[in-house]
Structure formats: structure tokens, C-alpha cells
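Undergrad: With the hints as your guide, set chain B onto chain A.
Quick note, the sequences are listed as chains A and B, same order.
For the first sequence, position 124 (counting from the first letter as 1) is numbered 124 according to the working numbering, and the numbering increases by one without interruption.
Counting from 1 along the second sequence, just add 1000 to a position and that's the residue number in the working numbering.
Hints are computed from structural coordinates only; laboratory data are not their basis.
For lysine-lysine, the following PhoX-like pairs were computed, each having C-alpha atoms within a straight-line distance of at most 25 Å: (1) A:Lys174 x B:Lys1213; (2) B:Lys1039 x B:Lys1061; (3) A:Lys205 x A:Lys236; (4) B:Lys1213 x B:Lys1236; (5) B:Lys1213 x B:Lys1174; (6) B:Lys1128 x B:Lys1062; (7) A:Lys115 x A:Lys83; (8) B:Lys1229 x A:Lys115; (9) B:Lys1110 x A:Lys213; (10) A:Lys205 x B:Lys1174; (11) A:Lys213 x A:Lys174; (12) B:Lys1039 x B:Lys1083; (13) A:Lys236 x A:Lys195; (14) A:Lys174 x B:Lys1205; (15) A:Lys124 x B:Lys1229; (16) B:Lys1124 x A:Lys229; (17) B:Lys1174 x A:Lys209; (18) A:Lys61 x A:Lys39; (19) B:Lys1236 x B:Lys1209; (20) B:Lys1229 x B:Lys1195; (21) A:Lys213 x B:Lys1174; (22) A:Lys174 x B:Lys1174; (23) A:Lys111 x A:Lys83; (24) A:Lys174 x B:Lys1209; (25) A:Lys110 x B:Lys1213; (26) B:Lys1128 x B:Lys1115; (27) B:Lys1039 x B:Lys1062; (28) A:Lys229 x B:Lys1115; (29) B:Lys1111 x B:Lys1128; (30) B:Lys1124 x B:Lys1039; (31) A:Lys128 x A:Lys62.
Model, not experiment: these values are computed from the prediction.
Number of protein chains: 2
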Amino acid sequence: MQTKDKKCDTRCSSKTLYIVGTGPGSIEYMSQRACAVLKSVDVVAGYTTYIDIIMPLIEGKKIISTGMTKEVDRVRAAVDTVKNGQSCAIVSSGDPGIYAMSGLAFEICKKEDIKILPPSSTDKCTAKNEIVIEVVPGIPALSSGASLLGAPLTHDFAVISLSDLLTPWELIEKRIDAAAAADFVIVIYNPKSRKRNWQLNAAGKIVLKYRDKNTPVGIVRSAMRPEQKVDTILLKDLDTADVNMQTTVFIGNSNSFIYHDYIVTPRGYTKKYDI
Amino acid sequence: MQTKDKKCDTRCSSKTLYIVGTGPGSIEYMSQRACAVLKSVDVVAGYTTYIDIIMPLIEGKKIISTGMTKEVDRVRAAVDTVKNGQSCAIVSSGDPGIYAMSGLAFEICKKEDIKILPPSSTDKCTAKNEIVIEVVPGIPALSSGASLLGAPLTHDFAVISLSDLLTPWELIEKRIDAAAAADFVIVIYNPKSRKRNWQLNAAGKIVLKYRDKNTPVGIVRSAMRPEQKVDTILLKDLDTADVNMQTTVFIGNSNSFIYHDYIVTPRGYTKKYDI
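Okay, chain A solo, but in the shape it has when bound (with noise of 0.2 Å):
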């Protein structure tokens, strides 16, 4: 890590765009390497509610911090900033890869027509119009959902966003039903927001096409956090559950069962190894 560390420090690695996963809630679960990039980036863009938790470590750095639906905005900021000489760290709750910031800024760098070098060429990166990136990966929701509720994802698994806003609800549809008949335990992102709320609903009445009306579902808001509120319920109340835009929910597939209030899919379909 001292090496890392150290790159931070030269001319070059200040043409480095950072994208960060700061995991599901405190620093705790951020990983070391999150925490070092961090520490050492000339400027930190994201999310004000994102930029608050780790602001122990970022204290007296540029911050560009806007509210939630200006991401673009922010994103491109970010690169300007990179491509103007120093380094920059967008970061993101959970995994910056999942639904999450990582894909916009390659999709910004190919707009803008900017070459992109990996994190060990940052020698090299001397042009205008090219930029190091490094992803820096961090546990995503559906890791820090599933450690609160048992062990609901030890077997194949489908993650599925109910947010219509860039997808057409068809095709949203047409994956939970794919889903539900292949049997995977389905993970779904964004149930349910201020202008959304009968998606998750749908999306429950599509399950209970294929799957038994008292399959274990998990509700997990805020894992991690202060708010934190873990539920275990049945499909057929899924209408019932307390969701906002911080939960994840897990359907198990025909094997999943309640144990002691946990969710636990099996590993095995056929009975190869004897516990």
C-alpha cells in the first residue's frame, strides 16, 4: 500500500481519476485502499449524503458536491478536473460499479474523446486529452444486505434496479419474469422511490407467478448505518413492506428457508454432500 501511497505524491498520479466505493455505511467497511485514495486525492466529487460519512478523511480538500440527480454534472466536473492536472476521487456508496458512478465516467470519457490509461501506466499519461482511471471497488449492497439477513445469495442470483427512469419498464419486466422462472434468488435495487411506488408490488405479483407464496424475502434499508432496519418476510406480504430508496430486497429462490429469522438458500439443488 506504501507504494500506492507513494504514487499519489508524483506529478504523474495527479492525472488520476479515482472512482470509489465507500461500501454500505460507515468507514468501517470501506477498504484500506478506499481509505488511502482518499486521503491523498487533490479533489473529492459525489453526493452530499456520501460526502458527509467520509468527510473525516477528506477534511480541507476541494469538494464538488451536488444533489442527486445532477450525477453528469458532477461527473464531468470531475474529469475536467483530472484532465486540468490533479487527481480527482468520484465517490459512491456501496460498489461504484453496481447502478453506480463508474459507467457514466467511461461513458463521459468516450464522449469527450479521452484515452483512458490504467493505474500502472501513470508515467505515461503526459497527453491532454488522456486521463488515468482507477476503479476502486467496495462492497455492494447486495453483500452488506445479505450479511445482515443470513445467507440468502449462496447460490445463482439475478440483480434487477425497479427504476423505470432509463429503462423501459417492459424490459424490467420482462428480466423479473426471466428471472423467477430460471429459479434465481432475485436481488432488487431501487424498489421504490418519492415519485415510484408500484413497481415493487408488480414485480412481486410476477414472482408469485413461478414461485411459492411463502418464499422468504428480505427487506434491508441503510445496512450498516445508524437507520439501519433489517425484516424477513413472505412473498405473498410483500405489498406489506416498510421500502424506500435505501433498501435492497432479496427474494430466495424454491430452496430458501427461515431459520431462527435468517435466510438461507442451500448450496446444493441435488444432495451430492451430507451435513
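TA: Okay, now just chain B, sitting in the frame of chain A:
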């Protein structure tokens, strides 16, 4: 964190089973919580390779270390250790909830009729057949691999293991077909082992029924370890991919593209946002 560290010294947390994810490779990508737990427990159980990686944190501790195929013995020994009053951490690389040890631990507790209490109730854990379980999540291979490839997981994805040791091949095949038909990005775990060599090609053929032969595919081997290897290829060339048991394979969806050797799955299927 100090509060939780202190808990590890009290009598009751000595009846705690920790199921700890060490992340992709080096200690640099572990969470502070995982480090603190490993430093404070009495006993550590894990596959020899993972134990070696974390050795700097656990020197001098009692180790339950067995080969890869002795998983059930290892978890049972860990559960017994905890029942007898010590604290024990079962370690997995990546996230312990994804195709890893947490499912087996809960299954064994059910089999042995052991009551499981949450971490918040260590002081109530007094009966002989009660233990506390805390699952400490880690950065999974799907996140570490994606971070090296660029941004392949910015949209819905399905995670499928090709190991047919505990799952019939017919079900694996059905899931690949469903995921491909519904245009999920597909993440493949366990693509190959010494005894299994034909499954990845079979999976590729199924996906080709639905997806263009030039669909980007990312091959990540031993992410964040000295032997790390990252390749970006096309779906039609999957049969030439250099994979082993430490490899994760990422197959893009119909919108994924390659830009400067990085795989990017755009966030939007519709064009509601303008970059």
C-alpha cells in the same frame, strides 16, 4: 469500531462465530471491520490459501486449516469451537455470502438445532446450544473483477456458477438461457476446474443464440493478486479464453461496448439523459 473491538474481549462475544470475507486478494482490499475481527478472535478456520494471505493479522492464533474439499468438516469444527465458548472466524476470499461459507454455516446450525442470535445480543447468549453469528461482508469477485474491466455491471446482471457438483447441469443451462434471453449482463463464477472443462464453451453457445458474436467479454483471473490477469475478448472467441478456477467471466449485454480495452455497459436503454 473501538466499541466493537471491546466487545470481542467480553465473555459473551467469545461465543460468536464470525464469517468473514477477506475481499479479492491482498489485505489492502479488506474492510477495517474484517481486520478487527480477525485480530481479536481466538480461532481462525479457512482454506490454506486464504489463511496464508491473512497470516500477518492472525499470527499465533489457533488455526483450523483444511483443503478445499473439506468445507463441511471445517465449518463443523468452527461451530463446535464456538459452542465450547471460544470465538472463531471462518474466512472466505471475496464475499462470504456469494457461493461461499455462510450458507453452509447456517445449514449446519439448522441440522444441529443450534439457536442463532444476532451480534447485538451477545450478552443473552448463555445456553449451551446457542451461538451468535456475525457475517462480515467482503468485496466479491464480481465487484473486483468489474473494477478492473471498466464498468460492465452498470445495468442488471445475473450471477451463475458453472459448477455442476451440487447443481444439475440442466438447471445451470436453463439459467444461462433465461439470463441471455432477457439481456442480463452475465457474471460466471467457477467457469472451469481440473475436472470440468466443457461447461464454459457450452454456456457461450447458449448466449450466442441471443447475443451478437462481437459482444464484449471480460476475463479476470486472480484480481488484486500478484498473478492477476485481465483480458477483454469477444463472445465468438470465448473458447480460446484462458480461464481456471480463480477466473470470473463477464459477458456484456446487447448495449455493452469496448472503449480503450475497457468494457462499458451504459446506464440507460432509453436516451432520457444527455451526456
